[in-house]
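K.L.:
If you want the building blocks of each chain, they are given just below.
There are 4 protein chains.
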Amino acid sequence: MRIIAHRVATAGPGDVSGLAALLDAGELRADEILAVIGKTEGNGGVNDFTRELATRALGDLLAPRLECAPEAIEERIVLSFSGGTEGVASPHLLILSRRGAALAAPRTSKRLAIATGHTRALEPSEIGYRPMMEETARVVRELMRELAVDDPSDVHLVQIKGAIPGYDETQRVAAEAEGRPLRCDMVGSRAASALGVGIALGEIDDAAAGDDAVCRDWSLFSTRASVSAKPGLPRSEITLFANSAWWDGDLVIEHGVMRDIIDLDAIRDVLARLGLTAPGQLAPEQTARLVGIFAKSDADPRHRIRGRRHTMWTDADISDMRYSRCVVSALLAGVTGETAVYVSTRAEHHGPLGGGPVAMIARVDA
Amino acid sequence: MRIIAHRVATAGPGDVSGLAALLDAGELRADEILAVIGKTEGNGGVNDFTRELATRALGDLLAPRLECAPEAIEERIVLSFSGGTEGVASPHLLILSRRGAALAAPRTSKRLAIATGHTRALEPSEIGYRPMMEETARVVRELMRELAVDDPSDVHLVQIKGAIPGYDETQRVAAEAEGRPLRCDMVGSRAASALGVGIALGEIDDAAAGDDAVCRDWSLFSTRASVSAKPGLPRSEITLFANSAWWDGDLVIEHGVMRDIIDLDAIRDVLARLGLTAPGQLAPEQTARLVGIFAKSDADPRHRIRGRRHTMWTDADISDMRYSRCVVSALLAGVTGETAVYVSTRAEHHGPLGGGPVAMIARVDA
Amino acid sequence: MRIIAHRVATAGPGDVSGLAALLDAGELRADEILAVIGKTEGNGGVNDFTRELATRALGDLLAPRLECAPEAIEERIVLSFSGGTEGVASPHLLILSRRGAALAAPRTSKRLAIATGHTRALEPSEIGYRPMMEETARVVRELMRELAVDDPSDVHLVQIKGAIPGYDETQRVAAEAEGRPLRCDMVGSRAASALGVGIALGEIDDAAAGDDAVCRDWSLFSTRASVSAKPGLPRSEITLFANSAWWDGDLVIEHGVMRDIIDLDAIRDVLARLGLTAPGQLAPEQTARLVGIFAKSDADPRHRIRGRRHTMWTDADISDMRYSRCVVSALLAGVTGETAVYVSTRAEHHGPLGGGPVAMIARVDA
Amino acid sequence: MRIIAHRVATAGPGDVSGLAALLDAGELRADEILAVIGKTEGNGGVNDFTRELATRALGDLLAPRLECAPEAIEERIVLSFSGGTEGVASPHLLILSRRGAALAAPRTSKRLAIATGHTRALEPSEIGYRPMMEETARVVRELMRELAVDDPSDVHLVQIKGAIPGYDETQRVAAEAEGRPLRCDMVGSRAASALGVGIALGEIDDAAAGDDAVCRDWSLFSTRASVSAKPGLPRSEITLFANSAWWDGDLVIEHGVMRDIIDLDAIRDVLARLGLTAPGQLAPEQTARLVGIFAKSDADPRHRIRGRRHTMWTDADISDMRYSRCVVSALLAGVTGETAVYVSTRAEHHGPLGGGPVAMIARVDA
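Residue numbers (the UniProt record's numbering), protein chains in the order written: chain A, 1 to 366; chain B, 1 to 366; chain C, 1 to 366; chain D, 1 to 366.
If we strip away everything but chain A, and leave its shape as in the complex, we get:
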């Protein structure tokens, strides 16, 4: 059993010709695909319809081959699109597939393993609170078991589409009356999910991560969570990336954490753990080994980086999110030589305040 990865450039959010060509050429079968992770050239805001367009285009492409309705495609494959290719970031799709049979015995060196799952349906009152943390942690542990990963340090990325169930005014008022106002929004969903990942992976002390810590105690964070939240989603979808001795193939994954948005060395450290060292930018043959580059970050809400003022939050014309994606994409591209990077914003409890996790998948040296 092994993960195979294909990265295709896109000419627009609705362009799935690259994947179609792979399928048509027989390099890949639709039923092998586990996940498609893509950057689309939208604004990443509420009116970014490029994600919907990409989802629809993939549904139209894959549904006939999977013999399901286009709308049902997301029950079969994790589709994770992040809008916003600011600066040098290049629109692309990363297609992750699973092929082959289970190993009879563990390998000596570990290889990339991926499992997907989801939480139970969550109540609006649970989002942003302990129940969401706990349920997220439970699923993370379950997926680790599924991949035969015992050591949490072998988990390097937990990509989550966080639940935001719908609710009505009655629920909102009742929650407020109980002194537990709803946190059933993007912030609450991202924050509690990230804390849940941190708890499962032993990064966060379970006892410390109480309801009061959410969006308050920024010392609590995961270095491996990558959560975006989706209004209307009843349950969180979780994709766990780890290295496992029970998985084969030529891919490995590593991660690190940027302590602030210009923490270039954190990127270099991840590369070093992948065996990719260079005094400056990677050499082209090293760049070619990189398959997936992921980061999550934010413009520091304290308006300072290394003691100096930044203006990302005070620009009424351009969102801080577009700036921080642009900055982190530039750094990743500068160090790796690769512009097909996946940087997503809003990173509550993802790394320290103003920083964020980085993960990379690479081919092992032949």
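Keep in mind that the hints were calculated from the coordinates and are not lab data.
Misleading hints may appear alongside valid ones.
Chain copies aren't distinguished; within one or between two, either way the pair holds.
Cross-link-like lysine to any residue pairs, in silico, SDA-like; alpha carbons within 20 Å at most [claimed, not checked]:
(1) Lys230 to Thr116
(2) Lys110 to Asp250
(3) Lys230 to Ala11
(4) Lys110 to Asp150
(5) Lys230 to Thr314
(6) Lys230 to Asp15
(7) Lys230 to Pro131
(8) Lys110 to Val364
(9) Lys230 to Val46
Fair warning: this is a prediction, and the values are worked out from it, not measured in the lab.
Following the hints, put chains B, C and D in place on chain A, whose structure we already have.
P.N.:
Same frame as chain A, now just chains B, C and D:
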């Protein structure tokens, strides 16, 4: 005779309190100031009034101390403000002053020397054509002589505010009739000025840089020009930065050229020439030696970087200029650890297409 | 034979539930639909993918009912989406259908009639020049005959998707060498198409509309053209709206022209011709009679309106197109009480410089 | 005693040449100026420095003539700049001056009267709460007395720069502990100020306007308040515009309230009260009588106008504030024929939710 440099952070485009404090404390005299180079937090476009605000604030501060009218301040001091502190770039002023007497004999190691001058008043028909190149080249050579710099390789930055004299419809029509349509705009002024610098410094073959080469033959470029153009300016203002054996002090300058917008190694090369080497980001004590960081760049108009598509030119909401400044500022900050960087856009014949020059001033190691 | 019109609000660019409900309820048959004209909430620029999303959603909805491939839908139905619902403009679809048999004899009062057609495939060298004008005029006349419209004053709207065939560098260079540089872009396509409409409708003197007049002689314009241009489109698609005695139903159309972007009276004049007069805003029962509201406009490129400066062209953060759509939508909504308006920008030779055509479809008074 | 008004167009935020010319020509004396109200072409957000530039330019112009320091100018003259000339709105300054001696007896017809004052310094804990309402109401009543205005219906505009005193973390925590969390921000300052105006003018029942009503009970509103709030301002500055029998001159003021952002008839009603009626847009000689046009508005936060969806709040690229200013400016210009309009956004308790007050100053018919 030596250059002293002060860098002050600003709380807004009209904030000159940092410079006022230096003057009040006697650390600096107004009549020592040669140039003030600053980044202001505007959009960098035609409606960026932060530069006007900064200029006015400086005029109000310095005029009484120089006993001139606020409007006359720019005849005494070069004021060069670039709007746009996208991403991590931090608004700041760099105040460059000259102090002390001429050396009796040359030093063994060279030090930063700065001279300012201006072209003669240029005709509208000359902008963007050979006469502007030649006149620019003439002044560059003159300023080199003034600094006792014989070797063009000792010149590392030629900051220019390019002339764009006003003209009327008659002149426009006449020029068109002559088959030499006016190029009297920002593009023409920047392009011909940069070519003029390249000619003076021997980077560009004088014979190759004909009128037809302007904005056509991108193989011709200077690696040391940094030109912005200003509508209404009758003559170009030129500030030359070099290392000279006849200048004292503890500052040196070096330059390099990014071949594309993610050329991290070009930045590291400049640092290396300043004696600042590090495997990744500079150590804090190295960062502290950096006094001025300058770059000029553009989003590649071919819509590609290293063969991959970028979307900086096709985003109808955000200007490519804001993106490219954000990207280059991020790289400079990532490598140096310093966010007070001066990145300016539109770089015709400044470095190769899609790339651009980088220059840095540093204190020598004590 | 009569035109029936349905207007449905959309919850997003991919929302076709309103049309689906009409089809499911049997109020409309897919094969009756002539055209779907919609405003989508994009930015209206090159990276506005809301139009593609809407087109795809409609294709997915209608293709099974028309037993064709989703991609073939545009050969059967005119899909005309304009991105940008700035200000009060409300995203919506207007579905125009044809039903019933030809009348045996003309009516005494005329009714809305619609015909669609297309030019022959146009060469890149023809775009923006006389051949495009002539071919556009030819098709307009042909469609008039098809609708039994003799009098050009019965034509009130000619909606065109203008051709922009692809071309290669050789063609570009050859055209330049011939002294007829390619105008094969959006500007050329819109301008020549509008001039063609004006010629066919007798608004423009055929002899005056030479190649030199394109984007030069702004006194030449159509008050009924509404052209957007689409890169890659080999032939222009033309939809003609007229009142005809040979058509039945309860809809009529009228038009007018705004002489500048605040020409409120031009809007009131169109309403008056539809029998909708009111001292200020229409009364709700009058508003209810309005079915379709169309306008085309631009921010005056001379930077003035009624002698006063406007800043729509000098704002580096927001496109003049978004501003002018916002302004004209606000005026239309203010006068009519209806926010489901279709305003599209870039209006070369559509009405006078800085103004533009307005057309409205209304139900006749019962 | 009478008010004289001068309106001058500006070529940029720092352009005070129009006022300078008036002063130089002796048409106006600096010490007659009561207030300068202007629209500047910024973005109207926190990083809109055009207001600071305009303030500085006016200070530099007027200080020598008033023999005070430029910084002290605002103690002598009300300077009220609103950033944002979206769409057709034209940048301009309206200079309001007072001239002549008090009347010996009242006139039969009333004329424009203006008085300026300020609240006492307000505590952070008072902003957004009853004390701010009460103190605002007190000053409004005081200014009415000063103008000899007995009938609140003679007051047509109360322009306020609302206080937002600085506070520290201790104060914030203490307030929260007391169950009265600080509302010391723009929202609280605008809301309580508007409620205070409404109380003073009898528009709002004093008993109903409790602390709980702030930003909750939108049925409470003033139709004459126009408040912007300024961080760091310790006391609110209030300028009251009324018609008074004890004032002379040829100017009168009237007001009305838009019930939503497309309420064109509300604008026509104000004009009618000024004796300016027209079936559509005012005739040029009517337009010429208009001296000042003021409005305050907001994009409806319920995302609907007349039952239809608008997208002003869901556009991640352009602020709802820019849209609503653009819309209301377009309507005002369309009805009046005048683009020098002053529209300002954020209108908590200024007219009904989604609507806002309109006031106009006109010359009486000669």
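K.L.:
Work down the list of hints and note, for each, if the structure agrees.
P.N.:
Taking the hints in turn, this is what the structure says about them:
1. Taking the closest pair of Cα atoms, lysine 230 and threonine 116 come within 20 Å of each other only inside a single copy of the chain (17 Å); across copies the shortest separation is 42 Å, beyond that limit.
2. Within a single copy, lysine 110 and aspartate 250 get their C-alpha atoms as close as 9 Å, which meets the 20 Å cut-off; across copies the closest is 53 Å, which misses it.
3. In the homo-oligomer, the alpha carbons of lysine 230 and alanine 11 lie at most 20 Å apart only across protomers (17 Å), although the nearest pairing inside one protomer, at 25 Å, exceeds that limit.
4. In this assembly of identical chains, the alpha carbons of lysine 110 and aspartate 150 lie at most 20 Å apart only when taken from the same copy (12 Å versus 61 Å across copies).
5. In this assembly of identical chains, lysine 230 and threonine 314 lie within 20 Å of each other by CA distance solely across copies; the values are 15 Å between and 26 Å within a copy.
6. In this homomeric assembly, lysine 230 and aspartate 15 come within 20 Å of each other (Cα to Cα) only across copies, at 18 Å, whereas the closest approach inside a single copy is 23 Å.
7. Taking identical chains as interchangeable, the C-alpha atoms of lysine 230 and proline 131 lie at most 20 Å apart only when both belong to the same chain, with a minimum of 18 Å there against 42 Å between chains.
8. Taking the closest pair of Cα atoms, lysine 110 and valine 364 come within 20 Å of each other only inside a single copy of the chain (11 Å); across copies the shortest separation is 48 Å, beyond that limit.
9. Within a single copy, lysine 230 and valine 46 get their C-alpha atoms as close as 10 Å, which meets the 20 Å cut-off; across copies the closest is 27 Å, which misses it.
In terms of the numbered hints stated before, the structure departs from none.
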